[in-house]
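Engineer: Protein chains in written order, with the working numbering: chain A, 63 to 257; chain B, 63 to 257.
Simulated from the structure, these hints should not be mistaken for laboratory data.
Just to be clear, a hint being listed does not mean it is correct.
One copy or two, either will do: identical chains are not told apart, so a pair holds if it fits within one copy or between any two.
As the list claims (entries may be wrong) - With a Cα cut of at most 16 Å, we get these calculated EDC-like pairs of lysine to aspartate or glutamate:
1. LYS114 <-> ASP95
2. LYS187 <-> GLU123
3. LYS240 <-> ASP140
This one's a predicted model, so the numbers in the text were calculated from it and none came from an experiment.
Number of protein chains: 2
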Amino acid sequence: MGDFSGILTKEQILVTTEEALRRFGVAKTSVIDVARILNVSHGTIYRHFKSKNELLEGVTEKWLDEKIIKPLTAVCKDTSMEGPQHLQTYLRTLIELKHHYAREDEEMFKMYAKVTDEAADLIYKHVNHITDQMGEIITRSRIKSEEPSRLARTIFYATIRFHHPAHAYEWKSPTIYKEFLDVWTLLEKGFISEK
Amino acid sequence: MGDFSGILTKEQILVTTEEALRRFGVAKTSVIDVARILNVSHGTIYRHFKSKNELLEGVTEKWLDEKIIKPLTAVCKDTSMEGPQHLQTYLRTLIELKHHYAREDEEMFKMYAKVTDEAADLIYKHVNHITDQMGEIITRSRIKSEEPSRLARTIFYATIRFHHPAHAYEWKSPTIYKEFLDVWTLLEKGFISEK
Chain A
63 MGDFSGILTK EQILVTTEEA LRRFGVAKTS VIDVARILNV SHGTIYRHFK SKNELLEGVT
123 EKWLDEKIIK PLTAVCKDTS MEGPQHLQTY LRTLIELKHH YAREDEEMFK MYAKVTDEAA
183 DLIYKHVNHI TDQMGEIITR SRIKSEEPSR LARTIFYATI RFHHPAHAYE WKSPTIYKEF
243 LDVWTLLEKG FISEK
Chain B
63 MGDFSGILTK EQILVTTEEA LRRFGVAKTS VIDVARILNV SHGTIYRHFK SKNELLEGVT
123 EKWLDEKIIK PLTAVCKDTS MEGPQHLQTY LRTLIELKHH YAREDEEMFK MYAKVTDEAA
183 DLIYKHVNHI TDQMGEIITR SRIKSEEPSR LARTIFYATI RFHHPAHAYE WKSPTIYKEF
243 LDVWTLLEKG FISEK
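Here chain A stands alone, though its shape is the one from the complex (with noise of 0.2 Å):
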């Protein structure tokens, strides 16, 4: 608890926020009870975030930009790798990440996998920040391609099975990481031979 009612910003209330939910789980946490933490009248929160669902918004953001996007932005600027080798670590550390945190932090992957289906503009901004990390992989590596970024989204949706929340029920299979392999190769290789 502390009075923050002069200098409060946007994070101090998301950080306070993302506390709460997992605390009180997301249901039961209120606009009001983020307020009484943070010592603050709920208008003050309203301020800064115009209802609940664009609190939780808020939260998912931070959450996807610190656990996703930050460790995947270091594997895209990791010069030791190259080519496909380097598009398949990437891919495999966001398949990783999101399977640790299903299993790790089931409150906030819950929350985003609710916030996948509702907050359309959040989704296709996350989606377009790794499909381009993706893009600038294949542009600074051998795989021939003339429109990248095409490519890039193009793999991202045929391995939407490994990444996207909907999914996460078939994670828990024993042989999920044996059929993305499986899938990385077809889509390296292609099945049809005779070229």
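Given chain A, put chain B in place with the hints provided.
Structural biologist: What follows is chain B alone, placed relative to chain A:
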């Protein structure tokens, strides 16, 4: 309405349940409603289906068999096609059927999407049916594969965005079919040109 008490079959219960679901919606249809329409006691229904859920699964299985598997079987058996073209037509038919029913038979599609989340056995059987037929087409075709059923399953997974009901909200996009063709071309040819 009619007195079916003597000769009531599972099939008749399922047909009546489907009618009731269309009329009242999934949430508002009870086993008692179905019994009332059939003019039997609800005990008679419970003799065939142990719960409302089992009844819904029965209707979904019937719906999938009639609306999806039946036309797909016709494509699978069509000897006028062969090779990748046959496989693509099969998959395109699967996708077009799913998109069609998501638009035109919303109540039943929503139920099928719900059952997909919950009735693992039913969906496992449905997916096996489809990947078995894809495997058959691969075996008969000039597609070289040492494990046709594994290749079939891998292609099924790589195209899941276009036929899994969790992605139905993405099917409204005007570019969805073009995106499927991009994925298909990638699966056929692969992205590595130097082989």
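Engineer: Decide, hint by hint, whether the structure agrees.
Structural biologist: Hints, one by one, checked against the model:
1. LYS114 <-> ASP95: within (11 Å within a copy, 39 Å between copies)
2. LYS187 <-> GLU123: within (10 Å within a copy, 38 Å between copies)
3. LYS240 <-> ASP140: Close neither inside one copy (25 Å) nor across copies (33 Å); limit 16 Å.
Of the numbered hints given earlier, the model fails hint 3 alone.
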